[in-house]
Amino acid sequence: MSIATQERQPIFEARGLVKRYGHVVALNGTDFDLYPGEILAIIGDNGAGKSTLIKALTGALIPDSGHVYLDGNEVHFKTPQDARSAGIETVYQTLAVAPALDIAANMFLGRERRRAGPLGSILRMMDKKGMKEDAGQSMANLGIATVQNMGQAVETLSGGQRQAVAVARAATFATKFVVLDEPTAALGVKETGQVLNLIQQIKGKGLPVILISHNMPNVFEVSDRIHIARLGGCAGVITPKSHTPTEAVAIMTGATTLQKG
Amino acid sequence: MTSPEMTVERASALSRALGLGRRVITAPTVGPLVALLLAMAFFSVESDRFLQAQNLSLVLQQVMVVGVLAIGQTLVILTAGIDLSCGTVMALGQIVMTKLAVENGVPPLLALLLGIGTCVAFGVLNGGLVTFVGLPAFIVTLGTLNIAFALTHIYSDDMTFSGLPSQLLFFGRTFEIGGADFTYGVVLMLVLYAFFWYVLSQTAWGRHVYAVGDNREAARLTGIKTEWVLLSVYTVAGLTYGIAAMLLVARTELGDPNAGQTTENLDAITAVVLGGTSLFGGRGTVIGTLIGATIVGVFRNGLTLIGVEVIYQYLVTGILVILAVSVDQLTHRRRA
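So the sequences go chain by chain: A and B. Counting from 1, position 210 in the first sequence corresponds to residue 210 in the working numbering; the numbering is continuous, with no gaps. Counting from 1, position 40 in the second sequence corresponds to residue 1040 in the working numbering; the numbering is continuous, with no gaps.
Derived by calculation from the structure, the hints in this document are not laboratory data. Beta carbons: idealized from backbone N, C-alpha and C, even for Gly. Be aware that one or more of the hints could be misleading.
Unchecked claim - From the structure, some residues in chain B lie toward chain A, with a derived Cβ separation under 7 Å:
{"id": "1", "residue": "R1049"}
{"id": "2", "residue": "L1051"}
{"id": "3", "residue": "Q1054"}
{"id": "4", "residue": "G1105"}
{"id": "5", "residue": "V1106"}
{"id": "6", "residue": "Q1202"}
{"id": "7", "residue": "A1204"}
{"id": "8", "residue": "A1211"}
{"id": "9", "residue": "D1214"}
{"id": "10", "residue": "G1223"}
{"id": "11", "residue": "T1226"}
{"id": "12", "residue": "G1282"}
{"id": "13", "residue": "T1285"}
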């Protein structure tokens, strides 16, 4: 074991994850590591097991066998809610916002805060003002300056701004790390740039990010390491410095195999 | 000949005007309020009696039952559902109350509770089928509409129950303010509207109701227990139908198996839609519904005053619903 691996303990790791659907093996005993403060990209062809892996890691499905460790302790997530309670926030591919609700309502959806005193405890009144202020603060912290009014309905925002709201929500409430599932798939070039910028802001806050993406230039632009999923396993982990995008695609499609070192 | 620039200019002016109109109509209750004022202006011109205090208090009494039904209907429609069974469930609740009290000698308050409980049970049934079996609300409530209708006639044996104990008539009693009579039922209706305004706009549960109707998947992904929200909405809706049944009994002083079948059922949905609540879910307010219910009441009362036959009132209500739904479709159509 090298000195480097002794010093860097993964914040989140998986060993030997297996998931079968009948005769189809979606995960064939794959391993996974996420280190503190990094942006880890997961790439892979359609059907390579990217989604199954991420679902198995975040409680959206339960693996048939294998172990998952958070901060060195084994965890058994049975629902996405379990992972969320443990401090893991996921932003899903489909723009997961309620369009008719305003930005602050979306930021705090499912986590509404009540007012102090009997108004909150007995009458269960929400602290709308406080939530609006905090939503504005979170957005400002992440450098999202284009949206000023937290009382604006999300449907009046552009696609990129909507995704920014979803990403900001995840970044605000995550304490361990953030998972972004194809966050730029539905966005234009300029808006993609904004979301990539946001991802780096999250890293700047010290939160690790798992980024699932098809888009090779994006992946090479922001990630520290790249986990290549292939045929239900891991074809290797590379970095943007060690390999070129062309090589990454070759490994992803099986044209080349990576020597494990 | 029209130059291309002019066409572009004209088009952008048109889209600006449309955009403005759209914003005005979407602004929650302005549209319904304007419609209400126009309707009242029209009927006060056509009939001298319309604006008299006594007539307006009559309108409120007529609005009372439909108004309370429409609260439950608003909750259901906010979740992108619909409840076709509201009128017949109310009719069944009303028969349970009156038959138990008159024929079986059940204490009046207990009879009231059992009648309301019957409506709540139907709410749970609707909600359970929609939520856990995943059936469309339209089909589920079309089914329970017929079930409640049949049970009403079977249980009542097609009899009308009268000679009700005074406790059942409390909300039909009146008090006077400035020469106009108001019933306690109207007061109860207004209290219920205030309560549901508060719950929908100020509590987390209310916000979850909107979120479930707006984007159920997004609501689920943020950790909201969407099944619980839906089930509770249909159950609370059942409760409001039970309260409406109590008000209907107090107003008519009867248990009538033929009540609530067409007029109240359609009027409740009409009130919600006229009040600006979107059939696509996630948008709307109970205050809008109160205005919508008043519009329906004003039309029924006004058309009667100016001597339009009842059958034409159905015609007008039908046209009103379709107009309101069309406005909803045009203003709330999802942005691409």
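These are the hints, each one checked on the structure:
1. Using the Cβ-Cβ criterion of 7 Å, the hint placing B:R1049 at the interface with chain A is not satisfied: the shortest such distance is roughly 42 Å.
2. A distance limit of 7 Å between C-beta atoms decides the matter here; for B:L1051 the minimum to chain A is near 37 Å, and the interface restraint is violated.
3. Hint status for B:Q1054: violated, given a least beta-carbon distance of 38 Å to chain A, over 7 Å.
4. Proximity of B:G1105 to chain A is violated relative to the hint, the smallest CB-CB distance being about 40 Å (cut-off 7 Å).
5. Evaluation of the B:V1106 hint against chain A yields a violated restraint, the C-beta minimum of about 34 Å exceeding 7 Å.
6. Residue-level restraint check for B:Q1202 holds (minimum Cβ-Cβ distance to chain A is 5 Å; threshold 7 Å).
7. Given hint, B:A1204 at the interface with chain A, holds; its Cβ is 4 Å from that chain's nearest Cβ, closer than 7 Å.
8. Look at B:A1211: its Cβ gets to within about 5 Å of chain A, closer than 7 Å, so that hint holds up.
9. With a cut of 7 Å, the hint placing B:D1214 at the interface with chain A holds, because the nearest CB-to-CB distance is about 4 Å.
10. Interface restraint check for B:G1223: the shortest CB-CB distance to chain A comes to about 4 Å, inside 7 Å, so the restraint holds.
11. For B:T1226, the suggested interface contact is broken, since its CB lies about 10 Å from the closest CB of chain A, more than 7 Å.
12. Taking 7 Å as the C-beta contact cut-off toward chain A, the hint placing B:G1282 at the interface holds, the least distance being around 4 Å.
13. The closest approach between the C-beta of B:T1285 and any C-beta of chain A is roughly 12 Å, which is over the 7 Å cut-off, so the hint fails.
Hint compliance for this structure: hints 1, 2, 3, 4, 5, 11 and 13 are broken, all remaining hints hold.
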